[in-house]
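Q: Same order as they appear, the protein sequences are chains A and B. Residue 16 in the numbering used here is what sits at position 16 of the first sequence, and the numbering runs on without skipping anything. Residue 1239 in the numbering used here is what sits at position 239 of the second sequence, and the numbering runs on without skipping anything.
One thing to keep in mind: the hints can contain errors.
To be verified - List of simulated lysine to any residue pairs, SDA-like, C-alpha gap at most 25 Å: (1) B:K1277 / A:F124; (2) B:K1278 / A:E269; (3) A:K202 / A:Q323.
Unchecked claim - Here are some, though not all, of the chain B residues that point toward chain A, as calculated from beta-carbon distances under 10 Å: (4) I1170; (5) Y1191; (6) T1231; (7) D1266; (8) L1312.
Because the hints were derived from the structure by calculation, they are not lab data. Note that the Cβ used here is the ideal one computed from N, Cα and C, for glycine as well.
Protein chains: 2
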Amino acid sequence: MSHVPNVLIIGTGGVGSIVAYGIDYLNKSNLAIVVRRDYEKVKSQGYDVESVDYGTVKGWKPSKIFPSVEAASKGGVVFDFVVIATKNLPDIVKVEELADSVITPGKTVVVLVQNGFDLGRPFFAKYPENVILSSVTYIGSHNSQGAIHQTQSDKSFIGFFENPHLPKRIQEKKAKDYISIYKNDKNNCTYVPDTKTHRYRKLVYNATMNTVCAITGVDTGRVEFAGGLETLCIPAMKEVIAVAKADGVDLPADVINDTIHGDDGDWFEPSMLVDVKKGNPIELEVILGNLLLVAKELHVETPVLTMLYNLLKVIQFRLKEQQGTVVLPKDRPIYDKIYS
Amino acid sequence: MSHVPNVLIIGTGGVGSIVAYGIDYLNKSNLAIVVRRDYEKVKSQGYDVESVDYGTVKGWKPSKIFPSVEAASKGGVVFDFVVIATKNLPDIVKVEELADSVITPGKTVVVLVQNGFDLGRPFFAKYPENVILSSVTYIGSHNSQGAIHQTQSDKSFIGFFENPHLPKRIQEKKAKDYISIYKNDKNNCTYVPDTKTHRYRKLVYNATMNTVCAITGVDTGRVEFAGGLETLCIPAMKEVIAVAKADGVDLPADVINDTIHGDDGDWFEPSMLVDVKKGNPIELEVILGNLLLVAKELHVETPVLTMLYNLLKVIQFRLKEQQGTVVLPKDRPIYDKIYS
Chain A
1 MSHVPNVLII GTGGVGSIVA YGIDYLNKSN LAIVVRRDYE KVKSQGYDVE
51 SVDYGTVKGW KPSKIFPSVE AASKGGVVFD FVVIATKNLP DIVKVEELAD
101 SVITPGKTVV VLVQNGFDLG RPFFAKYPEN VILSSVTYIG SHNSQGAIHQ
151 TQSDKSFIGF FENPHLPKRI QEKKAKDYIS IYKNDKNNCT YVPDTKTHRY
201 RKLVYNATMN TVCAITGVDT GRVEFAGGLE TLCIPAMKEV IAVAKADGVD
251 LPADVINDTI HGDDGDWFEP SMLVDVKKGN PIELEVILGN LLLVAKELHV
301 ETPVLTMLYN LLKVIQFRLK EQQGTVVLPK DRPIYDKIYS
Chain B
1001 MSHVPNVLII GTGGVGSIVA YGIDYLNKSN LAIVVRRDYE KVKSQGYDVE
1051 SVDYGTVKGW KPSKIFPSVE AASKGGVVFD FVVIATKNLP DIVKVEELAD
1101 SVITPGKTVV VLVQNGFDLG RPFFAKYPEN VILSSVTYIG SHNSQGAIHQ
1151 TQSDKSFIGF FENPHLPKRI QEKKAKDYIS IYKNDKNNCT YVPDTKTHRY
1201 RKLVYNATMN TVCAITGVDT GRVEFAGGLE TLCIPAMKEV IAVAKADGVD
1251 LPADVINDTI HGDDGDWFEP SMLVDVKKGN PIELEVILGN LLLVAKELHV
1301 ETPVLTMLYN LLKVIQFRLK EQQGTVVLPK DRPIYDKIYS
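The shape of chain A in the complex, shown without the other chains (with noise of 0.2 Å):
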């Protein structure tokens, strides 16, 4: 790159403030963060980070901390990298537009440390011209009010959703240029040259394991004790291999074992499932959604997968009403609709 790179990076919970430790780290761009809930604080105080890659840092600030998306775009400041590592609910926010006001068309490359699947497609539609990154991203890190806690380290796999309008060439020398301001001698952070395959490869287990705790309100452990391994994840891991093949990615013949024992000998609690105990609402269409839409492209049938799904959508329903963001009248409307 010919000029220190300008990044935003949008979403520092557990993930987000991890990978703009590990970019200041480096310093190797101009680093600012969008702060919205813990602004006051971090703007003051900072961050105390306890981490398994860093160790124990107090008061880290970046530069430039802003309180919203709006804030960072009025500084005249064109940024090379928007990196967005929200939750992706576009059910309720759609990132694409809560990101538009600090992404030139043309020119800002979007890095998305986020949860889900074929996450590209609504950028594509809104920036044609633009590349669109993906980080798959395991770290196990909290954000609890300013107080930082990573407790595995930063394993990034790192590459572009590919963008038809632009040459390959282009969207891979966008991902290493973002590789060369984020990896340090800390974290590991590897270049993907098939960024669907590791998509697909991951919803083996969310749109599995992690729907099927989410909606039993179980563990993995306990979903295995209870003999929802081989009634319902496994055969939705099966449309979701079947998927993956007809989108022309064969994923290797183990996948179903080691997804399962990726989780030996931890009652493990996966995203959904803390999301539902919690009351927030789920990466659903992120998850689940868009493999579903794509099943549906190419005449998949996935039965187990879309009764997940469907039961899924009543649940985070409830999720958003308990939120507020769904009112319902207090006394039921009567239809006079005639079902069959």
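Once you've looked at the hints, dock chain B against the given chain A.
A: Relative to the frame of chain A, chain B by itself:
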């Protein structure tokens, strides 16, 4: 009947207590009841009944109250009728075993005032010469530590589960004998010649709306708002109708519409949802398990109902663990099983 019949009622929750009161009120039998949880209180003070059918009654006590089925069996009385109005949880307690000591083979008529489907089967295996009656009872009634509050009139549809070893006319006679000691000027008892049809009719609701509400944690009104009628309940209802049809029962053409509009105007929480919210085990096996057994025997495909069942099995596991019926090891065991 040639003598005054001996009647024992097991299970005196909201429903069982009103059935008992109705039988005592008519006074054509020697009534005994088993009261487990509230025995001491009921033995000394009786029940306080606040009933839409019978008005306000303070301190009602049937002449014989037993603290257990075992105690009831030790009085040397041969029971003509044993009425069972407990919750039906064969994965925890099998009713045919619970009542074993008070059932005289070839003699005692068993009346099952319980939710569920195909409830005669385990009794016919254990008591091939006994008549097993079905009472589909609609009573809005709660028993709160001896205070009975009945808000909806007792409307019962009584018939027999068809015992293949006995002539139908004998089974019909016993059903009518039971009605003759139960039906009074306040309640509403109807003999139904076809119990199976009635039980299927009830399943159109209980195997679908009830199960979907239990899984998603919302009432039937919210299921409608969230789109779950079309994606979940109606497809499930169609499977119930298909099983019934294969079993020789043609449900009315408007059964789906009638079932859904049955909750019009109410944010109604069906029984399984109430149980899940209270942390009580659900009547999964008798409502859905028994239906799926028949579907399998008749080779009817039930993908939606099967998914609901498999999810509820995991939820039931959670409820049992919460109740202490299931205890898991502190450390999750690791199995070397290969999943595929």
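Q: Quick one, is the L1312 (chain B) hint okay against chain A at 10 Å, beta carbons?
A: Holds. Min distance 9 Å.
Q: Against the 25 Å threshold, does the CA-CA distance of K202 (chain A) and Q323 (chain A) hold or violate the hint?
A: Answer violated: K202 (chain A) to Q323 (chain A) is near 28 Å, above 25 Å.
Q: Would the hint on I1170 (chain B) stand, with a C-beta cut-off of 10 Å toward chain A?
A: violated, 40 Å
Q: At a threshold of 10 Å, is the proposed contact between D1266 (chain B) and chain A supported by beta-carbon distances?
A: holds, 6 Å
Q: Under 10 Å is the threshold here; is the Cβ of Y1191 (chain B) close enough to any Cβ of chain A for the hint to stand?
A: Not OK, violated: Y1191 (chain B) not within 10 Å of chain A, min 31 Å.
Q: Quick check on the hint: T1231 (chain B) CB to chain A CB, less than 10 Å?
A: With a closest approach of 4 Å, the T1231 (chain B) hint holds.
Q: Given the hint that K1278 (chain B) pairs with E269 (chain A), test it: the Cα-Cα distance must not exceed 25 Å.
A: The given pair, whose Cα atoms are some 23 Å apart, holds under the 25 Å limit.
Q: Does F124 (chain A) sit within 25 Å of K1277 (chain B), going by the straight-line distance between their CA atoms?
A: Since the Cα atoms of K1277 (chain B) and F124 (chain A) sit roughly 44 Å apart, the hinted pair is violated (cutoff 25 Å).
Against the hints set out earlier in the document, violations occur for numbers 1, 3, 4 and 5.
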